[in-house]
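Here the protein sequences come in this chain order: A and B. Under our numbering, the first sequence has 84 at position 50, and the numbering climbs by one with no breaks. Under our numbering, the second sequence has 67 at position 29, and the numbering climbs by one with no breaks.
Worth double-checking, as some hints may not be accurate.
Stated by the list, open to error - Not everything, but these chain B residues come out facing chain A in the computed CB check (under 7 Å):
(1) 69
(2) 107
(3) 110
(4) 111
(5) 169
(6) 170
Think of the hints as simulated: they come from the structure by calculation, not from any bench. Glycine is no exception: its CB is placed at the ideal position from the N, C-alpha and C atoms.
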Amino acid sequence: MECRIYTESLTALMDGELTPKEETAIRTHISGCPSCRAEFESLDYSYRLVDQIDQIEFQPASWPQIQARLTTSSSRGFFSKLKFPGLWIPIGAVGALLLVATSLMMQFPEDHTDQTRQAFQSYMQERQQEMISRGLIQPTDRGNPIFVHYNPFADATARPKGNPFRSER
Amino acid sequence: MSRLASLFTILVVSTAWLVGQTDWEKTRSIAEAQHEIVMLAIKNKQYDKVLPNSKKIFALTFPANREHLLVDHAKLSSSLLVEQANYPLAHQIVDEAIKVVHNNKSKAALLKEKAVICSREGHDGDAMKFFEQAVKLEEGKP
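The shape of chain A in the complex, shown without the other chains (with noise of 0.2 Å):
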C-alpha cells in the first residue's frame, strides 16, 4: 500500500513538482525499496530518453494549415472513418447480435404460421356448415345466424335436432 503512494509520485519527483520534504521522504523510501527504486529507476531512463530527443521549432505559419486538418477530418466520409479501428466493435457487436437473433427466429419459428390461420379458417367455415347441416342454426342475408329453437317435450321422440341431448328411441 505504501509502495503504491510512493510510486505514484513518482512522476510528479521527476517534473519537479514535489516540495522539499515530500521529495526527501520519497528518496528515503527508494533507496530502501528496491521495487520502487526499480520503477524509479525505469522512469528516469524514459525521462532521459525523450530529453535526448531534438525538439521540433514550431513554425507559425504552419498553424493555420493544422487547423484546417483538424477540422477536415472530423468531417470525414463515412468509409474514411471506417478506417478508425474503434467503429468495428460497435459494427460487429450487432452483426452478432443480428445472426444470434436469425439463428433464434430459425429455432423456434413464429408460433401461428400461416398454416395455422388458414387451418382455423377453414374450421370456421366447416363448422358454419355444419351447423347449417344439423339444423341448428339458419344463415341469413344479414350475416347473423338465427338459432333454431327445438322444444322437447312437445315430441320426446321425433329427436328434436336443437337440443344435444335429444332422446335417441
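Place chain B on chain A using the hints.
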C-alpha cells in the same frame, strides 16, 4: 341344467341393460330440461341463470360414449352467447365443459370452440393458441 344357466345369464344381462337404460334416460331427461332452461335464459338475456343451470348438466354423470352431448351443449350455448357478444360467459361455459369431459376428441372440440370465441372477440392471437392446442390434442401430442 345348461339351459337354466343360459336363461339366468340372459336374465342378468337384460336386467343390467334395463337398469343402465333407465339411469341414462333419467340423466338425459334432466339434461334435456336443463339445456332448455339455459337456452331460454340466454335468449332472455338472464345471464345470471346461465352458468348455474349449465353446471347442473355438467354435474351429471355421462358415459364416455355420450360425452359428445356435453360438447354440443357447450357449443350451442356458447355460440348463442357469442351472438349476443357475451364472450366472458361463453368462455366460462366452455371452460366448465372442458373440466368434465375425459376423451381428447371432446377436449379438442371444446378448445376449438374457445378459439372460435376468441376469434369473434377479436383476439386472434389467443384464437390461434387454442386452435393449435386442439390440433395437438387431436394428433395425440401432449
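Now for the hints, and whether the structure bears them out:
1. 69: Status holds, d = 4 Å.
2. 107: OK, holds: residue 107 of chain B within 7 Å of chain A, min 4 Å.
3. 110: Hint on residue 110 of chain B: holds, closest Cβ of chain A at ~3 Å, below 7 Å.
4. 111: At about 5 Å, which falls below the 7 Å cut-off, the nearest Cβ of chain A leaves the hint on residue 111 of chain B intact, so it holds.
5. 169: holds (5 Å)
6. 170: holds (6 Å)
Checked against the numbered hints given earlier, the structure satisfies every one of them.
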